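Okay, here's what each chain looks like letter by letter:
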Amino acid sequence: MKKLTSVLLALVLVFASLALPAAAENAGVVNVFNWEDYICEDVLQMFEQETGIKVNYMRFTTNEDMMVQVRADSSKFDVVFPSDYCIERLAAEGLLEEIDFSKITNFNQIADNLLNPDYDKENKYSIPYMWGTVGILYNSTMVKEPITSWASLFDGSYPNNIFMMDSIRDSMGVALKYLGYSMNSKNPLELEAAKEVLVKQKKDGLVKAYQVDETKDKMVAGEAALGVMWTGDALYAIDLNPDLEYVIPEEGSNIWVDGMVIPKNAENYENALKFIDFLCRPDIAKMNCEEIWYSCPNKGAIELMGSDYIDNLDINPPEEIIEKCEFFSDVNDVLPIYTALWNEVKNSK
Amino acid sequence: MNQIGSMPSWAIWAVLAFFILVMAGIIFIRSKRGKDNLHRGTTAFASPYTLWMIIFTVLPCLLIGYYAFTDSTGTFTLQNFAHFWDSNYAKNELYMQYGPEAAALIRRGTVNVDTLTYSLWMALLCTIICLILAYPTAMIMADRELKMSSAIVVLFVVPMWMNFLLRTIAWMSILEDQGLINQLLSALGMPKAQLMYNNNAVLLGMVYNFLPFMVFPIYTVLGKMDYKLHEAAQDLGANSFQTFIRVTAPLSLPGVISGITMVFMPSVTTFFIPRILGGGNTMMFGDLIESKFLTEGDWNVGSALSLIMMVLILISLGILRKADPEGEGGGLM
Amino acid sequence: MRKFIKRFYLVIILLFLYIPIIVMIAQSFNAGKSRAVWEGFSFRWYAELFADSAIINALSVTLTIALLSAVISTILGTLAAIGIHAMKKRPQAMMMTITNIPMTMPDIVTGISLMLLFMFAKVGRGYWTMLLAHITFDTPYVILSVLPKLRQMNSHSYEAALDLGATPRYGLTHVILPQIMPGVITGCLLAFTLSLDDFTVSYFTTSPLIQNLSTLIYSKARIGIEPTLNALSALMFAVLLLLLVVVNYRAAKVEKAQQGQ
Chain D
1 MKKLTSVLLA LVLVFASLAL PAAAENAGVV NVFNWEDYIC EDVLQMFEQE
51 TGIKVNYMRF TTNEDMMVQV RADSSKFDVV FPSDYCIERL AAEGLLEEID
101 FSKITNFNQI ADNLLNPDYD KENKYSIPYM WGTVGILYNS TMVKEPITSW
151 ASLFDGSYPN NIFMMDSIRD SMGVALKYLG YSMNSKNPLE LEAAKEVLVK
201 QKKDGLVKAY QVDETKDKMV AGEAALGVMW TGDALYAIDL NPDLEYVIPE
251 EGSNIWVDGM VIPKNAENYE NALKFIDFLC RPDIAKMNCE EIWYSCPNKG
301 AIELMGSDYI DNLDINPPEE IIEKCEFFSD VNDVLPIYTA LWNEVKNSK
Chain R
350 MNQIGSMPSW AIWAVLAFFI LVMAGIIFIR SKRGKDNLHR GTTAFASPYT
400 LWMIIFTVLP CLLIGYYAFT DSTGTFTLQN FAHFWDSNYA KNELYMQYGP
450 EAAALIRRGT VNVDTLTYSL WMALLCTIIC LILAYPTAMI MADRELKMSS
500 AIVVLFVVPM WMNFLLRTIA WMSILEDQGL INQLLSALGM PKAQLMYNNN
550 AVLLGMVYNF LPFMVFPIYT VLGKMDYKLH EAAQDLGANS FQTFIRVTAP
600 LSLPGVISGI TMVFMPSVTT FFIPRILGGG NTMMFGDLIE SKFLTEGDWN
650 VGSALSLIMM VLILISLGIL RKADPEGEGG GLM
Chain G
683 MRKFIKRFYL VIILLFLYIP IIVMIAQSFN AGKSRAVWEG FSFRWYAELF
733 ADSAIINALS VTLTIALLSA VISTILGTLA AIGIHAMKKR PQAMMMTITN
783 IPMTMPDIVT GISLMLLFMF AKVGRGYWTM LLAHITFDTP YVILSVLPKL
833 RQMNSHSYEA ALDLGATPRY GLTHVILPQI MPGVITGCLL AFTLSLDDFT
883 VSYFTTSPLI QNLSTLIYSK ARIGIEPTLN ALSALMFAVL LLLLVVVNYR
933 AAKVEKAQQG Q
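Residue numbers (the numbering used here), protein chains in the order written: chain D, 1 to 349; chain R, 350 to 682; chain G, 683 to 943.
Some clues are possibly wrong.
Unchecked claim - Partner residues are not named here, just some residues of chain G that face chain D (Cβ under 8 Å, in silico):
1) Leu696
2) Met801
3) Gly806
4) Ser839
5) Ser889
As the list claims (entries may be wrong) - Label pairs and their calculated CB-CB ranges:
6) Leu846/G - Val660/R: 50 to 60 Å
7) Pro146/D - Leu529/R: 28 to 38 Å
8) Lys200/D - Ala733/G: 43 to 53 Å
Everything labelled a hint here was simulated from the structure, so no lab data went into it. Note that this is a predicted model, so its numbers are computed, not measured. Cβ atoms here follow ideal geometry from the backbone N, Cα and C, with glycine treated the same way.
Use the sequences and the hints to build the structure in full.
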């Protein structure tokens, strides 16, 4: 028995030493809260090597999940990557720290058209990290003709062959756009109509599953013909399966920007600035863009990537397509409507 | 991983207080030395545990109650239960301010109630299927004619060592459109079957996860059963069916009830399985509670839903206790 | 014939339980990343496993928490069981009710109620909160495995020891403990296993930063599970199986020796 106890004790000590890292070096740490699969992992190591700051890297799946975490304890995170409308919301709730732009030496690399955006009018709280669109990824061997419209999701041509997004704003937005309304509609009649479309789509058995990050691997495997997806995930899938194609439907879609922000009371404000500045460095921004396939807000990085980037019309869509797209804005005052309608969609059978 | 290094100060206090209490308990016993007897001195041994349970079980339960009966400002309200009954509650309040056109759209939302009934229904199905599969299994395991070695029990325990999430995900690779079964079907020239993303897949996942919890208690009871009763029944002229109905089944009832408890309770609140095998097409009550807390961030309604869940479970436990007042069913071990 | 049908049925049920595990182990040896396509045999994922710091970290969190919570809850629970056993009827019934709460409460409610507690107390969730939560749901199981042994014990032996001049501590360690040891060990193993396999409670009581294997697998499940995790569970499976065989072999040997005498 004594032997067993000492063996157990030794085991605890060994594993405790594994779990307890050596006290962080003097340079400290930075707690980063980013989307799942949204960075080139090498970048984190490079940052640690260059600055000696240890990166604690955490991941989230949807904006809504992230907001709950940040609201619960904003000091836990030093750098967060919310989308446009969430930056607006977090700022309105006083959960963001102003960024000290004098410390962001690479800020001049950010494309001019992304400065002073609607969601952060005075450009106080956020710096763009990536941007992209929402569209349909489809398997050209499984469709009758090239997809051009959101209607393909709803007209019944592809029964049990569609992956929808398990994300309130994205899925409601798609239905609103299909009906010709704004993706930021606050009109109860329009919203109810959008819900009806989604409920009918589900009841008719068109939808195979509601999911977010799972979709790309399943599209690569050929599990469904159509999937609603963000650009980067779609291009990642196309890279692995050349049968796949991405389209921004003709009715227009959502265009979004994910920014980098520093939450209120962040414990490591200075390190957060260093981390953000590092991600704005052209060579680093290039590494990230090439890894995760999203559109790049960084002029220097685009120059480095050259024609690979500029000629890719999915990643760098022409002006006339962008004009049809719409940013999400904060709809907090009618959020209970969105939530209730979405729950009804999910619950319909 | 920095949080491990710096233990929060309150935790240090809690640990300190805890050890002070343990010491106090020991000193208390020592002081009674001499005239001590078992029924006086050793009760103090339970005091650290009592304190622990007050902080980490009673207090959290009270907190759920607190949030369930207050609104976001902390004032008393029953509104959260209205939210449960009418999932459109907040939406309808907005519609009322929007004029007659929107007011015409006011309807009671049944999402929460529907999800609850759906979960109860699925849990019931899962329990019945587990019982049907497990009872013969337990009987065969306990069958003396077959001379099963006790190692057979271990065979049922071993799968539970593998992480249940991974086992569920493994089912995904079996059931998918491009999965093993469909690959086999198309190799045989048969049409593909839609096996995943539906109710049946969720049910399969649940039965798979909970089956051992039904097998063990029944096996324990059957294994302990006095075999002479069988022989007596047969000597008195009962055929094997009659023996089963009159002798085996009634005597194994405690095991069955214990099994039902161990399968039904956790399966009502299953979450994760619907998301992986059901493709998010269906929601169980566990998913709903989770999304209230972690996606909508609405602790008050979420707490009300949890409270309703707890009450339902207590009621069904009460009913099951009635059926097995002695609590002889025995547990997992 | 009847025997054959019975055996056949048992095999079918066991097959149902083992098929996913066989699939998982097979996938861990697949050279490719795909879940469905066999691309040849390889140890690639086993090599990558030991290079993946996230998995190794999660493994050490899982194991330390399982060991610590098993040890602490065994001490806490054994003492409590001795105390509860000595109590009069009414306080005993009350203690048993409290003990039953975490066992009858669904995991998700346990997890959420603890999350509320930590948030209410403004405690950052992480390693320590997860450990506290695990001790909380482990301890009742220890009590329930120790209590039956206490009931079987001759309660007069402790009193006799005290009458003969033993201190209570000596009485506890030399009279009570040896008699209830099997129950204590069962409880400890049960606690360890429960903690090792827990997902729901951990999910609500930790931060995104501190992950154990279950929460790591959960977050990975969304983006396509990597065969490295299959490799890890295959390894853990093999180790546990080996342990089991050794224990069984020794037990059989002891039995044989006893029969021989």
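Verification of the supplied hints:
1. Leu696: 30 Å, violated
2. Met801: 6 Å, holds
3. Gly806: With a closest approach of 6 Å, the Gly806/G hint holds.
4. Ser839: With a minimum Cβ separation of about 20 Å from chain D (threshold 8 Å), the hint on Ser839/G is violated.
5. Ser889: Because about 7 Å separates Ser889/G from the closest Cβ in chain D, which is inside the 8 Å limit, the hint holds.
6. Leu846/G - Val660/R: 50 to 60 Å: 52 Å, holds
7. Pro146/D - Leu529/R: 28 to 38 Å: At roughly 33 Å between Cβ atoms, Leu529/R and Pro146/D fall inside 28 to 38 Å, so the hint holds.
8. Lys200/D - Ala733/G: 43 to 53 Å: 49 Å, holds
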